[in-house]
Amino acid sequence: MTDGLDDGAGGGQGAVRDPGLQPERTRLAWRRTTLSSTVAAVLAVRASLHGGASPAGIVVCALCCVLWLGFLRVAHLRIRALASEPGPARVPPVLAARQAAAAVLCTVALAVCAAVLVV
Amino acid sequence: MDGTAGGRDRQGAGSPAAGLGRVVRVIDFVRNVRLWFAPEEVRREGHTPDYRFSLANERTFLAWLRTALALIGGGFAVDQFLPDLGWTWRIGLALALLAAGVLCSLRAVNHWVRCERAMRRGEDLPASRFPALLSIVVAVVAVAMVVVVLAGWAG
Chain A
44 MTDGLDDGAG GGQGAVRDPG LQPERTRLAW RRTTLSSTVA AVLAVRASLH GGASPAGIVV
104 CALCCVLWLG FLRVAHLRIR ALASEPGPAR VPPVLAARQA AAAVLCTVAL AVCAAVLVV
Chain B
46 MDGTAGGRDR QGAGSPAAGL GRVVRVIDFV RNVRLWFAPE EVRREGHTPD YRFSLANERT
106 FLAWLRTALA LIGGGFAVDQ FLPDLGWTWR IGLALALLAA GVLCSLRAVN HWVRCERAMR
166 RGEDLPASRF PALLSIVVAV VAVAMVVVVL AGWAG
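Read top to bottom, the protein sequences are chains A and B.
With positions in the first sequence counted from 1, the corresponding number in this note's numbering is that position plus 43.
With positions in the second sequence counted from 1, the corresponding number in this note's numbering is that position plus 45.
Where hints are given, some of them may not hold.
Said to hold, decoys possible - Estimated spans, in silico, between C-beta atoms of each pair:
hint, chain 1, residue 1, chain 2, residue 2, range
1, B, Ala-177, A, Ala-105, 37 to 43 Å
2, B, Ala-141, A, Thr-81, 21 to 27 Å
3, A, Pro-98, B, Val-182, 33 to 39 Å
4, B, Arg-76, A, Leu-115, 26 to 32 Å
5, A, Ala-96, B, Ala-196, 32 to 38 Å
6, B, Arg-76, A, Gly-94, 43 to 49 Å
7, A, Thr-81, B, Ala-177, 57 to 63 Å
To be verified - Far from chain B, some chain A residues (derived; all Cβ distances over 12 Å):
hint, residue
8, Leu-86
9, Pro-98
10, Ala-99
11, Arg-123
12, Ser-127
13, Ala-145
Simulated from the structure, these hints should not be mistaken for laboratory data.
Each residue gets a CB set at the ideal place from its N, CA and C atoms; glycine is no exception.
All chains should be modelled from the sequences, with the hints used to inform the complete structure.
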């Protein structure tokens, strides 16, 4: 477990051995996920405005855009937290359960919008 | 932990013990849902694991979330790009994909919380049969699509 960590220095010196790959990989994972959500949102907008813009379609379209922005906000906050260079003694902050839940809620709400559009 | 206990209970489905196991699982799930919104409660248990393990757990969560988003996108795509498919098939397939996406995303955050808690307590990571179920579902859907394409080609 403590492969890269020097004895007696706690996690602090470990940051030197692993200078930023883990936070960077996590950051890129967030970017990939943002990209996936963008694809889903674009498909949602296309589906909602397909065959003329009805009032209901516009409402669902706006809702999907809001959900996409919500997801983008969570990802942006997390990416910024991971990108801020931690000092030698500090470690990157752990993902808050609220952020994870917010990202999942956006995804679920998008699926509900999709179900409304499909039926 | 929870996964193995659930697996043992399932063998005696219908017996009082199995019913009890199911109730315990539901209670556990509700408790986990509460934890999604109360990170302090997770943080109060055990000790903080190496941050690299937490980040790896986060990346796994994100990978599952991408899978869920891809399933939802697939639901949209079936609805939008298969207009020749019969109404029942199109709606059924789209709703199935969307439901799979919802399940996948809910499971993603639940599994993340459980892993995080297990790491803090120094327990084994939770076992899960969800990946196997999802891959079987995807394989069945893929085979069905091959059959549909071949049938359409021949007919």
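Now for the hints, and whether the structure bears them out:
1. Distance hint check: the CB atoms of Ala-177 of chain B and Ala-105 of chain A are about 39 Å apart, consistent with the given range 37 to 43 Å.
2. Judged by the Cβ atoms, the range 21 to 27 Å given for Ala-141 of chain B and Thr-81 of chain A holds: they are separated by roughly 24 Å.
3. The hinted range of 33 to 39 Å is satisfied by Pro-98 of chain A and Val-182 of chain B, whose Cβ atoms lie roughly 36 Å apart.
4. At about 30 Å, the CB distance of Arg-76 of chain B to Leu-115 of chain A agrees with the hint of 26 to 32 Å.
5. Our hint of 32 to 38 Å for Ala-96 of chain A and Ala-196 of chain B holds, since their Cβ atoms are close to 37 Å apart.
6. Here the CB-CB span from Arg-76 of chain B to Gly-94 of chain A is close to 45 Å, well matched to the stated 43 to 49 Å.
7. Between Thr-81 of chain A and Ala-177 of chain B the beta carbon distance is about 30 Å. The supplied range of 57 to 63 Å is therefore violated.
8. Some Cβ of chain B comes within 12 Å of the Cβ of Leu-86 of chain A; the nearest lies about 4 Å off, and the non-interface call is violated.
9. The beta carbon of Pro-98 of chain A sits about 20 Å from the closest Cβ of chain B, which is more than 12 Å, so the claim that it is off the interface holds.
10. Non-interface status of Ala-99 of chain A relative to chain B is upheld: no Cβ of that chain comes within 12 Å, the nearest being about 16 Å off.
11. Residue placement check: Arg-123 of chain A keeps its beta carbon more than 12 Å from all beta carbons of chain B (closest about 15 Å).
12. Listed as outside the interface, Ser-127 of chain A is consistent with that label: its C-beta sits roughly 14 Å from the nearest C-beta of chain B, beyond the 12 Å cut-off.
13. Listed as a non-interface residue, Ala-145 of chain A fails to keep its Cβ farther than 12 Å from every Cβ of chain B; the least gap is roughly 9 Å.
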